[in-house]
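**Q** Chains as they are written, first to last, in the working numbering: chain A, 1 to 350; chain B, 351 to 427.
Warning: the hint list may mix true and false statements.
Which residues of chain B face chain A? A partial, calculated answer using Cβ under 7 angstroms [as the list claims (entries may be wrong)]: (1) Gly383; (2) Met387; (3) Leu390; (4) Ala394; (5) Asp397; (6) Asn398; (7) Leu403; (8) Gly406.
To be clear, the hints were calculated from the coordinates, so they are not data collected in a lab. Bear in mind the structure is a predicted one, so any value in this text is a computation, not a measurement. Glycine is no exception: its CB is placed at the ideal position from the N, C-alpha and C atoms.
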Amino acid sequence: MAKISIDNVTIDAIYSCVPSGKIKTSSYSLFSESEAILFEKTTGISERRVAKDHTTSSDLCFYAASNLLSDLSINLQEIEALIFVSQSPDYFLPSTSVTLQERLGLDKNCMAFDINLGCSGYVYGLSVISSLINSGLKRALLLAGDKSTISTSFNDKSTYPLFGDAGSATLLSFNKDAETMYFDLHSDGSGKDAIIIEYGHSRYPYNRYIDEEKEYEEGIKRSRNHLALDGMKVFNFALKEVAKSIEECLMYAKIEKEQVNYFILHQANMLINESVRKKLRQTEEKFPLSIHKYGNTSSASIPLTITVCLQNQIKERQLNLLLSGFGVGLSWANVFIKIGPIKAKCIEYD
Amino acid sequence: MNVEELIYFIEEEFDEIQKGSLHPTSSIRNMDGWSSMHALILIALVDNHYDILLTGEELKHINTIQDLLETIVKRKS
Numbered sequence: 001m002a003k004i005s006i007d008n009v010t011i012d013a014i015y016s017c018v019p020s021g022k023i024k025t026s027s028y029s030l031f032s033e034s035e036a037i038l039f040e041k042t043t044g045i046s047e048r049r050v051a052k053d054h055t056t057s058s059d060l061c062f063y064a065a066s067n068l069l070s071d072l073s074i075n076l077q078e079i080e081a082l083i084f085v086s087q088s089p090d091y092f093l094p095s096t097s098v099t100l101q102e103r104l105g106l107d108k109n110c111m112a113f114d115i116n117l118g119c120s121g122y123v124y125g126l127s128v129i130s131s132l133i134n135s136g137l138k139r140a141l142l143l144a145g146d147k148s149t150i151s152t153s154f155n156d157k158s159t160y161p162l163f164g165d166a167g168s169a170t171l172l173s174f175n176k177d178a179e180t181m182y183f184d185l186h187s188d189g190s191g192k193d194a195i196i197i198e199y200g201h202s203r204y205p206y207n208r209y210i211d212e213e214k215e216y217e218e219g220i221k222r223s224r225n226h227l228a229l230d231g232m233k234v235f236n237f238a239l240k241e242v243a244k245s246i247e248e249c250l251m252y253a254k255i256e257k258e259q260v261n262y263f264i265l266h267q268a269n270m271l272i273n274e275s276v277r278k279k280l281r282q283t284e285e286k287f288p289l290s291i292h293k294y295g296n297t298s299s300a301s302i303p304l305t306i307t308v309c310l311q312n313q314i315k316e317r318q319l320n321l322l323l324s325g326f327g328v329g330l331s332w333a334n335v336f337i338k339i340g341p342i343k344a345k346c347i348e349y350d
Numbered sequence: 351m352n353v354e355e356l357i358y359f360i361e362e363e364f365d366e367i368q369k370g371s372l373h374p375t376s377s378i379r380n381m382d383g384w385s386s387m388h389a390l391i392l393i394a395l396v397d398n399h400y401d402i403l404l405t406g407e408e409l410k411h412i413n414t415i416q417d418l419l420e421t422i423v424k425r426k427s
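All chains, full assembly: derive it from the sequences and hints.
**A** Shown next as structure tokens:
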């Protein structure tokens with residue numbers, strides 16, 4: 001059982017960054033009017049943000065981080081670790097985190113590495129960076145973001161209208177008075193095909209495996225260089241595992257559901273989040289949604305939801321939060337954490 | 351659990367279905383514009399009301415509302 005508790009770490013600020021470019025679900029030319037309405041009703045996505053061609057996930061994280069560091073007047077010498085969580089890195093190599101260390105002007109004594117996870121990545125990243133801080137680091141930056149729109153085929157109705165681009169930056173520091181964080185982490189590689197980009201890395205190298213688009217079923221036309229999503233499998237996985245693991249996490253933390261102010265779930269699909277909410281018998285108000293305006297933003301969805309839905313409350317007081325990330329891997333993770341009062345802000349990038 | 355109750359839940363959930371139009375022998379998948387989205391909504395509905403998680407494979411073999419009820423009953427037992 002990967003259940004861990006971590007002391008001595010506080011979150012000082014959370015920033016997110018989204019591209020200014022908006023695309024409405026109703027403008028997707030492959031949807032009929034009724035399909036667009038049903039898609040919006042089911043997924044909750046009425047519009048999403050799409051980055052320009054030259055903008056990467058690291059750019060969005062960079063702008064979130066540089067604004068955060070500047071607004072809080074942070075001494076850059078104090079940042080001793082930088083972790084970049086993403087499945088859309090800048091290069092095959094080197095690690096994007098190392099390039100971000102230089103771009104942000106951080107000291108060479110700052111450790112930097114990437115974590116290759118998607119929807120569960122923010123919670124996984126929090127567990128790793130908090131463990132490092134508890135082991136003796138002073139301050140650290142967790143950057144989580146994805147440009148998922150680069151990997152979907154326009155001709156695939158099951159993926160193209162789902163994803164939005166976003167980046168985030170979370171600043172954490174050592175604090176001996178901090179409240180304990182309680183993590184619950186899982187993985188199940190038997191579901192690897194449920195969300196996959198098959199071609200392009202070592203098993204099917206980009207220089208030997210280039211695929212033409214083909215129609216898998218009506219409305220689903222893509223190549224194996226594109227993201228493939230088995231919606232039914234992912235949906236079943238989420239309904240089977242998420243609510244159960246949230247309850248396990250809260251039990252581990254010895255916290256009743258009623259003591260949680262907000263459940264911040266990965267924003268994959270409103271139907272999933274609603275189903276989880278009903279299983280946990282909680283009110284809609286306790287499950288904030290950012291998916292309506294931003295789509296599925298992968299590793300950035302949890303910090304993005306905090307910055308757009310809770311920024312005023314979390315500025316004023318401490319909130320009891322249950323963060324839950326789940327998806328590609330399959331991988332899922334929860335944390336019960338007390339955050340605030342802190343500055344949380346979402347910025348736009350052209 | 352009975353077929354009238356299941357029909358009620360389905361007619362409440364799907365805006366596209368006129369209330370009172372479904373019968374035990376009605377085919378769910380022959381509904382106008384049936385899509386994978388409707389399948390997800392149906393899985394969520396069954397999970398929410400009966401605590402049974404249908405797989406995509408099971409759903410492929412379900413045609414009528416009576417079939418759906420029988421699958422739920424079988425899984426419950």
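**Q** Hint by hint, which ones does the structure fall short of?
**A** none
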